[in-house]
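So that you can map any letter, position 89 of the sequence shown is 89 in the UniProt record's numbering, and since no number is skipped, the others follow by simple counting.
Don't take every hint at face value.
What the hints assert, rightly or not - Once the Cα atoms are required to be at most 20 Å apart in a straight line, the calculated DMTMM-like pairs of lysine to aspartate or glutamate come out as:
{"no.": "1", "residue 1": "10", "residue 2": "40"}
{"no.": "2", "residue 1": "29", "residue 2": "93"}
{"no.": "3", "residue 1": "45", "residue 2": "105"}
{"no.": "4", "residue 1": "33", "residue 2": "22"}
{"no.": "5", "residue 1": "28", "residue 2": "93"}
{"no.": "6", "residue 1": "29", "residue 2": "55"}
{"no.": "7", "residue 1": "28", "residue 2": "55"}
{"no.": "8", "residue 1": "33", "residue 2": "55"}
Don't read these hints as lab results, they were simulated from the structure.
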Amino acid sequence: MTIPFEDFQKVDVRVGTITRAEPFPEAKKPAIKLWIDLGELGERKSSAQITRHYDPATLVGRQVLCVVNFAPRQIGPFMSEVLVLGLPDAQGEVVLVGPDQNVPDGGRMH
Numbered sequence: 001m002t003i004p005f006e007d008f009q010k011v012d013v014r015v016g017t018i019t020r021a022e023p024f025p026e027a028k029k030p031a032i033k034l035w036i037d038l039g040e041l042g043e044r045k046s047s048a049q050i051t052r053h054y055d056p057a058t059l060v061g062r063q064v065l066c067v068v069n070f071a072p073r074q075i076g077p078f079m080s081e082v083l084v085l086g087l088p089d090a091q092g093e094v095v096l097v098g099p100d101q102n103v104p105d106g107g108r109m110h
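Please put together the full structure from these sequences, using the hints given.
So this is what it looks like as structure tokens:
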């Protein structure tokens, strides 16, 4: 199925730097709470099911790609404001997507 380019442009994907990460034991599926600096958009929160490959202590400072224009979603006691992007590994576990060089926070993917 193909979509018009204009539909792709509606999805706002930005880069941000993880400034804080904490375990999220209250989540139904294992997850980590993330706080992400998105530059001019400010700091936003996300719940990410990335516990297989990542420990909260190692995530701070890492740049990731996020969809910033989805509606916020309540995940247990935590409000997730952005969707952090990832790809499945061979076992279906999430591997984060980010730039291979440092770029300014808040930059829009194009």
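Hints and how they fare:
1. The straight-line distance between the Cα atoms of residue 10 and residue 40 is roughly 19 Å, inside the 20 Å bound, and the hint therefore holds.
2. The straight-line distance between the Cα atoms of residue 29 and residue 93 is roughly 12 Å, inside the 20 Å bound, and the hint therefore holds.
3. Straight-line distance between C-alpha atoms of residue 45 and residue 105 comes to about 15 Å, which keeps the hinted pair within the 20 Å bound.
4. As the CA atoms of residue 33 and residue 22 are separated by approximately 5 Å, the hinted pair is consistent with the 20 Å bound.
5. Pair hint residue 28 plus residue 93 holds up; C-alpha atoms about 16 Å apart against a cutoff of 20 Å.
6. For a cut-off of 20 Å, the pair hint linking residue 29 to residue 55 stands: about 15 Å separates their Cα positions.
7. Proposed proximity of residue 28 and residue 55 is supported: the alpha carbons are some 18 Å apart, at most 20 Å.
8. Between residue 33 and residue 55 the alpha-carbon distance is near 11 Å, which keeps this suggested pair within the 20 Å criterion.
This entry satisfies every hint, going by the numbered hints stated previously.
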